[in-house]
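4 protein chains.
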Amino acid sequence: MGIRTDLAVEAHEIWMESTNEISERSGVSAKEYEREGFKITRVEILDENGAREIGKPVGTYITVELTNLIKRENDAFKKAVLAISEELRDMIEDNGAKGMNVLIAGLGNRNITPDAIGPAVIDNVMVTRHLHYKMPDEFKSFANVAAISPGVLGMTGVESGDIIRALSGKIKPGLVIAIDALASRKLSRLCTTVQISDTGIIPGAGVGNARSRIDRSTIGAPVIALGVPTVVDAATLAEDLLSDSGITIGDSQKTLREKGDMIVTPKDIDKYIHDTAKLMGYAINIALNPGLEITDVDMFLS
Amino acid sequence: MGIRTDLAVEAHEIWMESTNEISERSGVSAKEYEREGFKITRVEILDENGAREIGKPVGTYITVELTNLIKRENDAFKKAVLAISEELRDMIEDNGAKGMNVLIAGLGNRNITPDAIGPAVIDNVMVTRHLHYKMPDEFKSFANVAAISPGVLGMTGVESGDIIRALSGKIKPGLVIAIDALASRKLSRLCTTVQISDTGIIPGAGVGNARSRIDRSTIGAPVIALGVPTVVDAATLAEDLLSDSGITIGDSQKTLREKGDMIVTPKDIDKYIHDTAKLMGYAINIALNPGLEITDVDMFLS
Amino acid sequence: MGIRTDLAVEAHEIWMESTNEISERSGVSAKEYEREGFKITRVEILDENGAREIGKPVGTYITVELTNLIKRENDAFKKAVLAISEELRDMIEDNGAKGMNVLIAGLGNRNITPDAIGPAVIDNVMVTRHLHYKMPDEFKSFANVAAISPGVLGMTGVESGDIIRALSGKIKPGLVIAIDALASRKLSRLCTTVQISDTGIIPGAGVGNARSRIDRSTIGAPVIALGVPTVVDAATLAEDLLSDSGITIGDSQKTLREKGDMIVTPKDIDKYIHDTAKLMGYAINIALNPGLEITDVDMFLS
Amino acid sequence: MGIRTDLAVEAHEIWMESTNEISERSGVSAKEYEREGFKITRVEILDENGAREIGKPVGTYITVELTNLIKRENDAFKKAVLAISEELRDMIEDNGAKGMNVLIAGLGNRNITPDAIGPAVIDNVMVTRHLHYKMPDEFKSFANVAAISPGVLGMTGVESGDIIRALSGKIKPGLVIAIDALASRKLSRLCTTVQISDTGIIPGAGVGNARSRIDRSTIGAPVIALGVPTVVDAATLAEDLLSDSGITIGDSQKTLREKGDMIVTPKDIDKYIHDTAKLMGYAINIALNPGLEITDVDMFLS
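Sequence lines, in order, name chains A, B, C and D.
At position 299 of the first sequence (counting the first as 1) the number is 299 in this note's numbering, and the numbers step up by one without a gap.
At position 284 of the second sequence (counting the first as 1) the number is 284 in this note's numbering, and the numbers step up by one without a gap.
At position 64 of the third sequence (counting the first as 1) the number is 64 in this note's numbering, and the numbers step up by one without a gap.
At position 152 of the fourth sequence (counting the first as 1) the number is 152 in this note's numbering, and the numbers step up by one without a gap.
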């Protein structure tokens, strides 16, 4: 199947379309609910059978759909921050990492706009690890947070997983939060969806090839991944459009297959990345520091 | 027809595909040749009949295909600069503007990467108008060049055509060169093709809606347009893929129609814009200043 | 005297230091008051005698000192926006330009950080002129605002005053607001002071040489200038440090005189420019659109 | 003494000025010569006595003065690349690191222009470590190079020395090249001087406070530091100007002492950083890959 998606909610949809009998469906559960007015989908891959069916590792995948945000309601930003931070906080707690020291890893290439979401989130994160050393009393009520944007293989010559592993060995975080750009199947999900999962991350999966996995088994601490779909693989779009028909493969489609580096993205992706990075950074800050208001984060970062 | 292209060479192809009889084909001529190893296509729209058929104004459209440049031959940059500058110089001469004072207009939005080619070219152009005033003797052998990046309607509230017209009324150029991002139909042409035409330009045609025309009739001087396709309209790609089949319109295709702001672009468009802007800026400098070497331009701009 | 300042409040201080007798002091008035907790100084140059004494054109110069903002009080941003917008609104009214169509000009070079304040303010301004054409009913309660960043002479080959004059001739604004970087004498004023004046502006005065004036006489409409000191001329700092002593001119001082392009600036000037541009843009929006809240501006610009 | 400099050549000058008797001068040697037309100064601190006198660790400090480059001679860039690369290559050989795998560390904060030289150099470096894994035959003639921009303490919460140490433990380089912004005493040296030393580096020394040292003892491999002065501490400039006089400390000087974050820098520092980063990146590439031409580097990086 030529369709590529990093979203479990889409992989689940595809699987549901392809299996006709209820009886075949096991090892996977999905449910929907609302938080702060946003639709949340929770896909759980329960066992290896489910993992094989869906094509994603065993674990929990939360999807927050931010379509309301687009409508520019007055407090849409605040509500979206709350929805994401509450889901993230629950997942941290479910993974036994509440109150642990945190390393936040902003994956991706800051020089390729749709891949820059990880480094851009880091710019919105309240980094405090050094402040805990310098002023332990003043900061004892804040989460202890370190952050790194390791760059990508082509820039550093080193797998970003190796950099994070090396740094984790040094600073021993009790939780890693990894942020990355994702590819979705549907255009309608671009920059309107956040996926939170506890299954770790494969750097470069978003806009490139698979690389060494960052997860609990390689890091020695829970790894929670936050991802935002910023591109649809152009070849995926073509496959999707043509999937139901028997038509011959045309020139553009061939080009798409050859040029794996063509993407479909919103025209003003630069602005989307800026805005979404702020949203995610604030959600992380508030998930890690319950009780903080958005204006507190504004002041800390200014 | 849902297919959108700003390239005359593509509009001509589409027209050739749709007309079966030679006898119908009048008002348009096309020929191909090589310059510095690059394939050049010259489409001439000779009369109103041709204009109606092709859907572009009467005039000359040169396309330089830079596919060889991709192969990274040692002097590919130099050869491409030469090929473009020679075609541009010929067109300037054909339009009676040899030796005239020049205004170069870098159209588009510098904050939207695929639309930023115009402003980015301006950064690579040898601007000398003020130096002619200050040091007339030292600069008498250089072309007299002014430049502006007028911004886009959403940023300024003013049509960029109006800004250029107002400035032209003030500084009275004998030639306007306008640079803009284009949309192509085929992915294979993205960032690998330069179009040079003497029919003027409609700002915003590249990644937005049509606006007031910048041409000889509105400016009072010849307007030569340089364009580079940086996007394929996502809806065009879909139409193209589906054009020969009778399949039902699916979800993604509908989204594409609704969301006119989805584009297909190379993943590393940021780098393409940077490199292509340098190529075009240098080609303009050398077209306007025959005898200049690339190293001379390097030094002037440093 | 080698001391250079674009701030009337400093020129006034220097003049006060140099004149001993009260009787000599005429043609100039100065008073201080508070607004939203910020210290405001109002210097009025009343006649040509005052202009000659102070070295600035006849007119009104308001200085808002933002030192409280530095203290990061919770609503410091909001209060500073109010203080500047109220002073600006008064000056617009005093100049008979209330309710007029506005052209906002962001002067300076966006590629030189301390000179980029003008273009950066434009990014924070609510541009509506085109929306009044498209949707007159929806926008009739908003000020009609156009904006331009004309670039600098070295980039365009054209005086920015000429570009603004040409554009004003086309769109006929009833008020021009021009924003520029200034040089101050005192380090303590860098990025902590906003000057508002109704005497027009000389583009390039901030970080370069004097150029053609933009004022009521050249534009045909009132010109209100907003300036922020972002640099102290390094030579001015040296003069200031040495002014009271009779010491020999040393090596560094000589270098300073030769290298007019050395500046003293805060280390994190990039961040200051970003923050101050937002402050000024919001103050302009609220001065032109009474009743708007900061959150309304957030939403318009997002 | 309030004078701050990261350049050994300046520390040596200051020391020479302060010691009157030849007999006192031991433990330090200095000599001057030319390479590719540029003046080179070699200061060697021979023992702990010299280290105490000069205030720098024992080792070799090469200074390349690029003043000729300013003159824009035709091949100035090429000659400067050669001069720096030859000095760097000699120092690598003297430290027994010829042919070793290299880790290049671009220190500093990419968001503060004068501190961004380290990350900017990384963008100009030929990173090959991953290519040696993927295509060992094609790359066996190239140096094996990894690179990282670790960020600064305020961004990451982790000392950059700790990040480099952790990564070195993982990839075991035989040589670390660390690039950082420096502070000089004299304005005339800003962006016109490159210092190469084999004594390691203290991250943050350039535009901030001292941090944990990166040198052979902490990394386990030779550490060669490349530095470029991009700022004069404003307080240092003031001290320097006033040093010979007995004048009272004035307002500006007090402000300078309080505001340690004021710097003196060239007006167009953005451009200097861009150009100098390219120069240093190319010099490193050619030092590590003898026989490579500038055009080869152009092609590799494009």
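It should be emphasised that the hints constitute simulated quantities derived from the structure, not laboratory data.
A portion of the hints provided could be inaccurate.
Intra- or inter-copy, both count: the list cannot distinguish identical chains.
[As the list claims (entries may be wrong)] Straight-line distance between alpha carbons at most 16 Å, and here's what the computed EDC-like set of lysine to aspartate or glutamate pairs gives:
hint, residue 1, residue 2
1, K98, D137
2, K271, D298
3, K271, E17
4, K271, E65
5, K170, E34
6, K140, D270
7, K134, E93
8, K39, D261
9, K78, D296
10, K170, E65
11, K271, E93
12, K172, E159
13, K271, D261
14, K134, E159
15, K78, D298
16, K278, D298
17, K134, E34
18, K134, E65
All values reported here derive from a predicted model rather than from experimental measurement.
Results for each hint:
Neither within a single protomer nor between protomers do K98 and D137 lie at most 16 Å apart by alpha-carbon distance, with minima of 20 Å and 49 Å respectively. In the homo-oligomer, the alpha carbons of K271 and D298 lie at most 16 Å apart only across protomers (14 Å), although the nearest pairing inside one protomer, at 19 Å, exceeds that limit. Taking the shortest alpha-carbon separations for K271 and E17, neither the intra-copy value of 34 Å nor the inter-copy value of 39 Å comes in at or below 16 Å. Neither within a single protomer nor between protomers do K271 and E65 lie at most 16 Å apart by alpha-carbon distance, with minima of 19 Å and 32 Å respectively.
When the C-alpha separation of K170 and E34 is checked against a cutoff of 16 Å, the pair qualifies neither within a copy, at 40 Å, nor between copies, at 45 Å. For the homomeric pair K140 and D270, neither the shortest alpha-carbon distance inside one copy (37 Å) nor that between copies (31 Å) is at most 16 Å. For the homomeric pair K134 and E93, neither the shortest alpha-carbon distance inside one copy (28 Å) nor that between copies (40 Å) is at most 16 Å. Neither within a single protomer nor between protomers do K39 and D261 lie at most 16 Å apart by alpha-carbon distance, with minima of 32 Å and 24 Å respectively.
In the homo-oligomer, the alpha carbons of K78 and D296 lie at most 16 Å apart both inside one protomer (13 Å) and across protomers (14 Å), since each shortest distance falls under that limit. In this assembly of identical chains, K170 and E65 lie within 16 Å of each other by CA distance neither inside one copy nor across copies; the values are 37 Å within and 39 Å between. In this assembly of identical chains, K271 and E93 lie within 16 Å of each other by CA distance neither inside one copy nor across copies; the values are 33 Å within and 36 Å between. Only between protomers do K172 and E159 lie at most 16 Å apart by alpha-carbon distance; the minimum there is 14 Å, versus 19 Å within a single protomer.
Proximity of K271 to D261 under the C-alpha cut-off of 16 Å is restricted to the inter-copy arrangement: shortest distance 13 Å between copies versus 21 Å within a copy. In the homo-oligomer, the alpha carbons of K134 and E159 lie at most 16 Å apart only across protomers (13 Å), although the nearest pairing inside one protomer, at 32 Å, exceeds that limit. Proximity of K78 to D298 under the C-alpha cut-off of 16 Å is found in both arrangements, the shortest distances being 12 Å within a copy and 13 Å between copies. Proximity of K278 and D298 under a CA criterion of 16 Å is satisfied in both settings, with 10 Å inside one chain copy and 14 Å between copies.
In this homomeric assembly, K134 and E34 never come within 16 Å of each other (Cα to Cα): the closest approach is 42 Å inside a single copy and 37 Å across copies. In this homomeric assembly, K134 and E65 never come within 16 Å of each other (Cα to Cα): the closest approach is 40 Å inside a single copy and 32 Å across copies.
Checked against the numbered hints given earlier, the structure breaks hints 1, 3, 4, 5, 6, 7, 8, 10, 11, 17, 18 and satisfies all the rest.
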